[in-house]
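Engineer: If you read the sequences in order, they're chains A and B.
Here the first sequence stands for residues 1 to 330, where the numbers follow our numbering.
Here the second sequence stands for residues 1 to 323, where the numbers follow our numbering.
A portion of the hints provided could be inaccurate.
Cross-link-like lysine-lysine pairs, in silico, DSS-like; alpha carbons within 30 Å at most [what the hints assert, rightly or not]:
1. LYS42(A) - LYS264(B)
2. LYS223(B) - LYS271(A)
3. LYS296(B) - LYS270(A)
4. LYS254(B) - LYS251(A)
5. LYS306(A) - LYS223(B)
6. LYS251(A) - LYS264(B)
7. LYS223(B) - LYS272(A)
8. LYS254(B) - LYS223(B)
9. LYS209(A) - LYS133(A)
10. LYS194(B) - LYS272(A)
So the derived label-pair ranges between C-beta atoms look like this [said to hold, decoys possible]:
11. ALA17(B) - SER189(A): 37 to 45 Å
12. LYS95(A) - LYS62(B): 57 to 65 Å
13. ILE56(B) - ARG156(A): 30 to 38 Å
14. SER189(A) - TYR150(B): 24 to 32 Å
Keep in mind that the hints were calculated from the coordinates and are not lab data.
All C-beta atoms, glycine included, are put in the ideal place defined by N, C-alpha and C.
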Amino acid sequence: MAPLLEVRDLVKYYPVYQRGIISKRVVGKVHAVDHVNFSIDKGEAMGLVGESGCGKTTTGKVLLNLEEPTSGEVFFNGEETTSVFSKGPRKEVLKLRRSMQMVFQNPYASLDPRMTVFDIISEPFSIHKHIPKDQWKEKVYSLLTLVGLEAYHAERYPHEFSGGQRQRICIARALAVDPEFIIADEPVSSLDVSIRAQILNLVIDIQEKLGMSYLYISHDLSSVRQITQKVLVMYLGEIVESASTTELFDKPIHPYTRALLSAVPIPDPKKKRNVIILSGEVPSSINPPSGCRFHPRCQYATSKCKDEKPSFIEATAGHMVSCHYYTDFI
Amino acid sequence: MNILEIENLKTHFFTEAGVVKALEGITFEVEKGRTLGLVGESGSGKTVTAQSVLRIVPRPGKIVEGRISFDGEDLLALSEDDMRKFRGKKISLIFQDPTSSLNPLFTIGTQLRDIVTTHSEMPKSEAMEHVIKTLKITRMPDPEEAITRYPHQFSGGMKQRICIARALLLNPQLLFADEPTTNLDVTIQAQIIKLLNDLQKEVGMTLVMITHDMGIITEMCKKVVVLYGGHVMEIGDIDTVFEKPHPYTEALLKAVPRLDQTRKLLSIPGNIPNLITPPPGCVFHPRCQYAIEKCKEAVPPLLEVANGHHIACIRWSYLHGAE
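Generate the whole structure from the sequences, applying the supplied hints.
Structural biologist: Here is the structure:
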């Protein structure tokens, strides 16, 4: 079966300017997303993890063409999307927009304060015209019920809701166009601990009920384990490891993934962990390190890591990794 | 020995919408030379507790009742001038957001040095030496160069190191760390946790770690105080708290995804309480799965149920078998 979404060699660079008095010139580029390949099957929830500044959010935005890719191709249902977004007819663009939606990180910033919940959720109807006007009410109410809100909430404004409820509204809005694929960018990171579980469970329920595919972007590894089937680990714009969720969390291979997993505190006094403390911080993505981009922070790095870029290869069945010495870590 | 004792502390905010009862009579002690964990969600009163101890509660907030004693001294009875001698020198605070707590207009060296010269007679050059020495303690790479730079030239993790150095400048006996790793990546968080743990051991300082993350608590503390809606729900050793938790602590632990487990998350229904009109009786009862009619009647007292384990819940002994 062909995957729902396929990303081939996706690149997004941002130019860095030096401003003069009259003109500005490009002096470098930020390697936000650097030759990324992956695919997501129908009904699959894919996690994308990494530290801040590694290119997670940019990847999500490029997939939806909220940012235009520098090069590379994105296939959705076998159809190349970037050319459609850039020069296709509006009808085609709308069709793609209908099938891919996004839930943003901050529910306080992503809802228009001057629109009621009804207006917010029904706005997609007036753009895509996929629902006759006399059924709007019904559809809005059923969406509200689906995300665990009540019909009477429709007449209220965003400021009347708590963070968790606002994120429910954002999810309802994304679902309003019956998408096949949703990108959820850190949907719980701005919520309170006791509210997070509600939203995570809602995301899992909706995936089961509607057979939706997800790209779940997060730096919170514990929640990624909870809701995804596959995981991609990103570092400085590149994917360094990918595997099924169980495989990746139980048998991580890449030294970066291992350090990342070991750094997460586990709330259980009986569990003793061996924390691998990474020295230093994520280097600048304007001048990324040569060879393996992780080598300056890697405790196992050799001169080979500095000179040669490791290729992204299958270490064990379905488990891809880019590390010269992956055989030592299996 | 206890370095800090808080007794029936009430801090309220007198807003136009009504009186927000941010702290409704909290009582706990901090033992000298140890790390105490202060856990709670937003709105539970964690930060206001730290602010109350330092007497820097922002307006329209006010400490309305209670007693705070530090090393035998009643802090609430001190004059403002006397209190200034405690801030920074004896009790210090690391803020949650390092970016907004550093002055963008001054170099790191200048703003840290000014703290030293304000609080002591030390000449400027000597004060700068002291700043460099303190930055070294926080493992700041190349502190001589760092003092010439401005806050925006540092990453989040480095800024937090600067803030930790600032809090340590005057050798305080007690340090509040208010969610010092919330805005940081896990790998940097691990560095900061290790740094705080090492400092606590090296300097023998007393640390109060304020966080919403039970994982960090288990990593750093032996004893924990659980706050919810301005009330202390539970105080105890970390092992006891995990074994026989208060219903709120239990719900919180079950609602948090864990890296080492995949299980259905049990979400806590409802929202955190509105503290202008808090629910009657136990403040957690509307969200508690074990709540009975009696829970609505009166605020449950904080009782010692076992050695060092304090619980504010009338259902606890039934749930965990009275011994």
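Engineer: State for each hint whether it applies.
Structural biologist: Consistency of the hints with the structure:
{"no.": "1", "hint": "LYS42(A) - LYS264(B)", "in the structure": "holds (23 Å)"}
{"no.": "2", "hint": "LYS223(B) - LYS271(A)", "in the structure": "holds (17 Å)"}
{"no.": "3", "hint": "LYS296(B) - LYS270(A)", "in the structure": "violated (35 Å)"}
{"no.": "4", "hint": "LYS254(B) - LYS251(A)", "in the structure": "holds (25 Å)"}
{"no.": "5", "hint": "LYS306(A) - LYS223(B)", "in the structure": "violated (45 Å)"}
{"no.": "6", "hint": "LYS251(A) - LYS264(B)", "in the structure": "holds (22 Å)"}
{"no.": "7", "hint": "LYS223(B) - LYS272(A)", "in the structure": "holds (17 Å)"}
{"no.": "8", "hint": "LYS254(B) - LYS223(B)", "in the structure": "holds (20 Å)"}
{"no.": "9", "hint": "LYS209(A) - LYS133(A)", "in the structure": "holds (26 Å)"}
{"no.": "10", "hint": "LYS194(B) - LYS272(A)", "in the structure": "holds (15 Å)"}
{"no.": "11", "hint": "ALA17(B) - SER189(A): 37 to 45 Å", "in the structure": "violated (28 Å)"}
{"no.": "12", "hint": "LYS95(A) - LYS62(B): 57 to 65 Å", "in the structure": "holds (59 Å)"}
{"no.": "13", "hint": "ILE56(B) - ARG156(A): 30 to 38 Å", "in the structure": "holds (36 Å)"}
{"no.": "14", "hint": "SER189(A) - TYR150(B): 24 to 32 Å", "in the structure": "holds (28 Å)"}
Hint compliance for this structure: hints 3, 5 and 11 are not met, and every other hint is.
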